[in-house]
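A.B. asks: As they're listed, the protein sequences go chains L and G. Per the numbering used here, residue 1 is the first one in the first sequence, and the count goes up by one each step. Per the numbering used here, residue 1001 is the first one in the second sequence, and the count goes up by one each step.
Hints listed in this document are in silico derivations from the structure and should not be mistaken for laboratory results. Ideal placement from N, C-alpha and C gives every residue a C-beta, glycine not left out.
Here are some chain L residues pointing at chain G (derived, C-beta under 10 Å): (1) VAL120; (2) GLY121; (3) TRP131; (4) VAL158; (5) SER308; (6) ILE310; (7) LYS312.
Each chain, written out:
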Amino acid sequence: MTKAMTGAKMVVQALIDQGVEVVFGYPGGAVLPIYDEIFQQNSITHVLVRHEQGAVHAAEGYARSTGKPGVALVTSGPGATNAVTGLTDALLDSIPLIVLTGQVPTFMIGSDAFQEADTVGITRPCTKHNWLVKETDKLAATLHEAFHVATSGRPGPVLIDIPKDVQFATGTYTQAKQVETHYNPQVKGDMDAITELAKAMETAKRPLFYTGGGVINSGPAASQLLRELVAATNFPITSTLMGLGCYPASGDNWLGMLGMHGLYEANMAMHDCDLMINIGARFDDRITGRLDAFSPGSKKAHIDIDASSINKVIHVDIPILGDVAHVLEDLLNVWKARGRKTNQEGLSNWWDQINDWRAVKCLDFNQEGKIIKPQYALQRLEELTKKHDRYITTEVGQHQMWAAQYLGFENPNRWMTSGGLGTMGYGFPASIGVQMAHPDALVINVAGEASWLMNMQELGTAMQFNLPVKQFILNNERLGMVRQWQQLLHGERYSSSWSESLPDFVKLAEAFGAKGIQCHDPDTLDDAIMEMITYDGPVLFDCLVEKHENCFPMIPSGKAHNEMLMGDASTDGAISGAGEALV
Amino acid sequence: MSALKIKKGATSHSAYNLRPNYSDTVERHTLAVLVENEPGVLARVIGLFSGRGYNIDSLTVAEVDHLGHRSRITIVTSGTPQIIEQIKAQLGRIVDVHKVNDLTVEGPSVERELALFKVSGKGENRIEAVRLADIFRANVVDSTLESFVFEITGTPEKIDAFAELMRPLGLQEIARTGVAALSRGAV
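Okay, chain L solo, but in the shape it has when bound:
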């Protein structure tokens, strides 16, 4: 069935047909016809953000906590350029987003019109795909195709640029099922490669699952199959920052996060394993450390849906191209059919070794005196919130790494953090997107004061839409991670890494009509956190913490997994030579 309607109406109709419930956006001249249509319907809720970057991060938070694509709507020119950081963030973390931008009318394109920007040109490298739609008749099909591209294969952000005259003109609406696409990435893995991996699992003495965001992106079935596989094989499992929650933190086989600020036992296991099974991770430089010393003795298998991720930085012995859930299902079936074998003796020795590493207790810290250690603040936050229906977002920096270390995630889609791009200012708008998707859940953004200030304007959004997001700010009055690197690498010359003239966060919250809580005393921390949790509305929690705490363990740049820095040891010469040039 086809029918005639305006381009603006098509946009709203296509969103409804695709099951969209929430759109994050900001109006402007070039999208007014679409906003007029949004006004005249009740199926879709529009969340007015305070800055377009906030709209895209909110859509990311919505997408990551639901597994559904997030949708943002912004105007031409500055609206589109403000969306670029969010698009790049979503591209690096493989988050499905549909970003709709207004454009000047087709007859004015190229004339340097008011609020004109070459949006498809600017966003080509930071989207999975983008379109400039010049005919209203093609608009609906393009919108449906956009949802397909964003959510198929390796997910990612897509952008549709819609000139204003295309929104006004009338055309024929195309139904989603009428749209033909040639974009259909392979999801089933090669059975020979899967069998080879199953065989390797039978003999490995020191096997390890190294999992990543691909498990989460593959959907709940992937996490379920992964848990089954770990339980059946009794292999240890670690995960990247992006994959936290795909295996429960309370699980017996869990080694914690790996990588630059990963746990000692996880990194040592990566270095010493003889079979590394990479499931939906991508050998990022935060994970591998020094490449020529990366897990030197292991056979490596890699399950990934993106062929360009395989053999990009690390040569693997068993590449398996496919969707995690599909491949894990086949892998489990093959391994079971072959007799459910593992190398019991090897595995037993391997666990002994791992338990020795665990005994180092790399996350231990001393909470002494009257100053709150940031680790302690997160430990208490974990203790007091873990029983809740809880979602965590973060900003970027030391607090993000501490949150990954000290908070436990039992399920996928509960942890939203900017991994690949490392975008300060991500967490607050993301928490708004999460709360829109889960109105009754406890949504906490673990933040640093500097990151939080980057998108603080969204407090207005939280107030307007009654979103009780909790902003848990570890305030050290420093750009903590920058300061830490300057201490390690730049002779303790703290160039521009402290914040003067910080606002009074309690008064700031009150200025927006939100609640502000400040806490500086470890003895009153629990009560203050409980006050934050029980308050019905947005809370700005200003937690004054130790100013010079460093984030450990740490693999310094240019070092191997077994060369970690632990605790507050001497760090002189820890980074040197070529490592200095790395980030």
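Go by the hints and put chain G onto chain L.
C.D. replies: Only chain G this time, still in chain L's reference frame:
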């Protein structure tokens, strides 16, 4: 807690450019990329090469199937085997790309390039230019009393060789199309 076995001193390599499992030999490959003939598709391909630091030695693009809405981009690129594999994988994940063929490894193929040469001169040089053009099977497509425009078709190496010979004889300008290539034999 104390630092564990931290070795002091410089690491010998940058962690970003180590390629331990691959040959470092730079190879030249000809890739045929069948794409949807959409606005911006060439920009996507070129942007991929510039954005990720790959080389383009030659690039040719034209619509090859009007009804099917397909264009063929022929790219000659160079890099280590690992880089070539990355280039193919990265091209393959562009939504508008239908197929990527590496003509260099998928069996024998033929490569041709067309070039136009403007050569000006008088007397002996002029006669020698025409004589050499004849040997290279180049056609004269324009002539004045003081200049020729030659059209030559062949492998890039043949065209390079012709350019070397024309240079002392008054070579003014060259226009080259870039390489077009097909695999040999039936599909």
